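J.: Letter by letter, the chains look like this.
There are 2 protein chains.
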Amino acid sequence: MPGPGRARAARRPTLEQVAAEAGVSRGTVSRVVNGSLEVSAKTLRLVQDAIDKLGYVPNQAARSLVTRRTDTVLLVVSESEARVFTEPFLGGLVRGLSQELATTPLQLNLMMASTARQHERVEQLVRHGHVDGVALISLHGDDPLPRNLAAAGAPVVVNGRPVIEIPGVPYVDADNLAGARAATEYLYRQGRRRIATITGPQDMCAGIDRLAGFRAALKGRRGVTRLVAQGDFGQADGERAMRELLAEDPRLDAVFAASDLMAAGALRALRAAGRGVPDDVAVVGFDDSDVARNTDPALTSVRQPVQQMGRELARLLISRISRPDQELAPVILPTELLCRESA
Amino acid sequence: MPGPGRARAARRPTLEQVAAEAGVSRGTVSRVVNGSLEVSAKTLRLVQDAIDKLGYVPNQAARSLVTRRTDTVLLVVSESEARVFTEPFLGGLVRGLSQELATTPLQLNLMMASTARQHERVEQLVRHGHVDGVALISLHGDDPLPRNLAAAGAPVVVNGRPVIEIPGVPYVDADNLAGARAATEYLYRQGRRRIATITGPQDMCAGIDRLAGFRAALKGRRGVTRLVAQGDFGQADGERAMRELLAEDPRLDAVFAASDLMAAGALRALRAAGRGVPDDVAVVGFDDSDVARNTDPALTSVRQPVQQMGRELARLLISRISRPDQELAPVILPTELLCRESA
DNA sequence: TTGAAAGCGCTAACAC
DNA sequence: GTGTTAGCGCTTTCAA
Numbered sequence: 475m476p477g478p479g480r481a482r483a484a485r486r487p488t489l490e491q492v493a494a495e496a497g498v499s500r501g502t503v504s505r506v507v508n509g510s511l512e513v514s515a516k517t518l519r520l521v522q523d524a525i526d527k528l529g530y531v532p533n534q535a536a537r538s539l540v541t542r543r544t545d546t547v548l549l550v551v552s553e554s555e556a557r558v559f560t561e562p563f564l565g566g567l568v569r570g571l572s573q574e575l576a577t578t579p580l581q582l583n584l585m586m587a588s589t590a591r592q593h594e595r596v597e598q599l600v601r602h603g604h605v606d607g608v609a610l611i612s613l614h615g616d617d618p619l620p621r622n623l624a625a626a627g628a629p630v631v632v633n634g635r636p637v638i639e640i641p642g643v644p645y646v647d648a649d650n651l652a653g654a655r656a657a658t659e660y661l662y663r664q665g666r667r668r669i670a671t672i673t674g675p676q677d678m679c680a681g682i683d684r685l686a687g688f689r690a691a692l693k694g695r696r697g698v699t700r701l702v703a704q705g706d707f708g709q710a711d712g713e714r715a716m717r718e719l720l721a722e723d724p725r726l727d728a729v730f731a732a733s734d735l736m737a738a739g740a741l742r743a744l745r746a747a748g749r750g751v752p753d754d755v756a757v758v759g760f761d762d763s764d765v766a767r768n769t770d771p772a773l774t775s776v777r778q779p780v781q782q783m784g785r786e787l788a789r790l791l792i793s794r795i796s797r798p799d800q801e802l803a804p805v806i807l808p809t810e811l812l813c814r815e816s817a
Numbered sequence: 475m476p477g478p479g480r481a482r483a484a485r486r487p488t489l490e491q492v493a494a495e496a497g498v499s500r501g502t503v504s505r506v507v508n509g510s511l512e513v514s515a516k517t518l519r520l521v522q523d524a525i526d527k528l529g530y531v532p533n534q535a536a537r538s539l540v541t542r543r544t545d546t547v548l549l550v551v552s553e554s555e556a557r558v559f560t561e562p563f564l565g566g567l568v569r570g571l572s573q574e575l576a577t578t579p580l581q582l583n584l585m586m587a588s589t590a591r592q593h594e595r596v597e598q599l600v601r602h603g604h605v606d607g608v609a610l611i612s613l614h615g616d617d618p619l620p621r622n623l624a625a626a627g628a629p630v631v632v633n634g635r636p637v638i639e640i641p642g643v644p645y646v647d648a649d650n651l652a653g654a655r656a657a658t659e660y661l662y663r664q665g666r667r668r669i670a671t672i673t674g675p676q677d678m679c680a681g682i683d684r685l686a687g688f689r690a691a692l693k694g695r696r697g698v699t700r701l702v703a704q705g706d707f708g709q710a711d712g713e714r715a716m717r718e719l720l721a722e723d724p725r726l727d728a729v730f731a732a733s734d735l736m737a738a739g740a741l742r743a744l745r746a747a748g749r750g751v752p753d754d755v756a757v758v759g760f761d762d763s764d765v766a767r768n769t770d771p772a773l774t775s776v777r778q779p780v781q782q783m784g785r786e787l788a789r790l791l792i793s794r795i796s797r798p799d800q801e802l803a804p805v806i807l808p809t810e811l812l813c814r815e816s817a
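Sequence lines, in order, name chains A and Z. Count along the first sequence from 1, add 474, and you get the number used in my numbering. Count along the second sequence from 1, add 474, and you get the number used in my numbering.
No lab work stands behind these hints, which were simulated from the structure alone. Heads up, some of the hints might be wrong.
Said to hold, decoys possible - To be clear about the criterion: a stretch of chain A counts as covered by chain Z if any three or more of its residues have a C-beta under 8 angstroms from a C-beta of chain Z, and this derived list gives those stretches: (1) 527-534; (2) 584-590; (3) 658-666; (4) 757-765; (5) 768-782.
This one's a predicted model, so the numbers in the text were calculated from it and none came from an experiment. Note that beta-carbon positions come from the ideal geometry of N, C-alpha and C, so glycine has one too.
From just these sequences and the hints, can you work out the full model?
T.: Below, the structure is given as structure tokens:
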């Protein structure tokens, strides 16, 4: 049986055939293909021509078998639960990764890993050497996956600062702290003095850092009332949190929400409570998502350079693969406050 | 040189070692691993034990080399320009694909392919047999990629009905026509009689079919004014289109937009024009994206079962790979109208 | 600078 | 049923 139903096109030319065509040995062709410098100019030409003529492309499996490299990296989207991304995120990240990897022979493998079973599958894959490296995104703080993978000796990079730094696992992240601080300072400079924040989950660094940024912006300022409500990054929870804040301090005049979705929820709660935005209460979100542009009023929001984050993630991973014992510093990319109507 | 800086863990056990441990031949172990039935129960046990004891996992490269299978499928995200997905889409699709592939030995490779150069790279990859099959999403109608790939003999499936049916390339799609019809009928049943639509690009089937659905809903109805404006699925263009419609017929009382983003844009234009929604003008979108839940008023919208579309895409591709000459019918999945505040 | 040759780990055809 | 064996296409010493 020729395998389960494969009907592949005519067999592709092999090194052997190229060698015959060029009148040299297999070894020499291999050297040319792999860019070895120890080949005479004449031979090089000869082989190149043969390659072009035959349309030769190396067989990846054969190469892998001997090099023990797979030329594949794995992107693990480690969502716990049904939590989804707000728009620009997954797409932007993948686009960046893709772009950067296109300059290398590396392929991008993708796996969703929400369940424990899927996590295990990822570990298997990596342990068994099916990939050269792994990039993890959307981790919760306590996820043991990156540590395990790194312990298994695999090159690992993560998107988003881990709650506890993991030795040997570099990360790329937006400057959440600075972004949140900028947003909060913007509110303060508008003269707002009863400022609330709706935080993200405090087991994720994005949540932690954005709260820290809020605090930092207001640190040492006198005459400012600070309010904090916990959220889960989702819209419904943002709405609930806003209601609670309003109950706690009906006179609050500004809110920084750690995500656009929560900010959108807050907007609903504020409207329901009869508060005008931005006149009575100014609102700032985080992410600069599609949602931000389409609420009423449109959300002022903090933008993260998502695509560039993907690029840096790829770069980090590539370094890690090629020089596993080199120390790699985290990459923190700047954020930007985009002012729209809500603040 | 042991390859560029690899420092892989201790070499994994091979078939050979398992065979030695179990006291059988390599061939027998291979049969067990590949689930051949022609193995005695006793031998089976013996081999299984040896596998477990050694923690044996087949070497994919070696296997690939002889079977000429890669056990990899490629997902090509073929965006022209900077067009992005509205939220649930990419993530949902990938989640579905991922889920379904998890039941097979197939890996999911991802490539963004916006530029011509990238398209070429995809063709290369496929032609050179680096993947067993290809799923394409986000195609414009005139994209030659699926046809080329299919012509090269690769199993290909696409998401979204191609404008011109491609022989041998099955597709999965949401029932755009029925969805659009339901939305439009809903408006009609509310008593609206001057009904507009903002279409998607007419070189994409989603755009074409949603317009067709609009037309079908109103077909044969008397006393209904129909208005059509072209959009590009984006928000800004939705806003522009709405302004034009308003200029064309200031008394229009309903709009069906072929995307939530355009509907959101329409909402802005309507507000600017002083029209109340839904009282003066009812608005329905398409996609049930994050945006729909967060506009003011929240958008009534048509939901597509994105994750299931991903699953079906995977199923189709798997069939195509295992039985290349079997005819496969397209899969059309039902949509659902979600009523919120805007209509 | 080049050629020869030894595998990498596995499957599948064939023989027993 | 099971063992034997011939490759799959490539990289990489080792010699020349």
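J.: Give a verdict on every hint.
T.: Structure-based check of all given hints:
no. : hint    : result
1   : 527-534 : holds (count 3)
2   : 584-590 : holds (count 3)
3   : 658-666 : violated (count 0)
4   : 757-765 : holds (count 3)
5   : 768-782 : holds (count 3)
In the structure shown, a violation is registered for the earlier hint numbered 3 alone.
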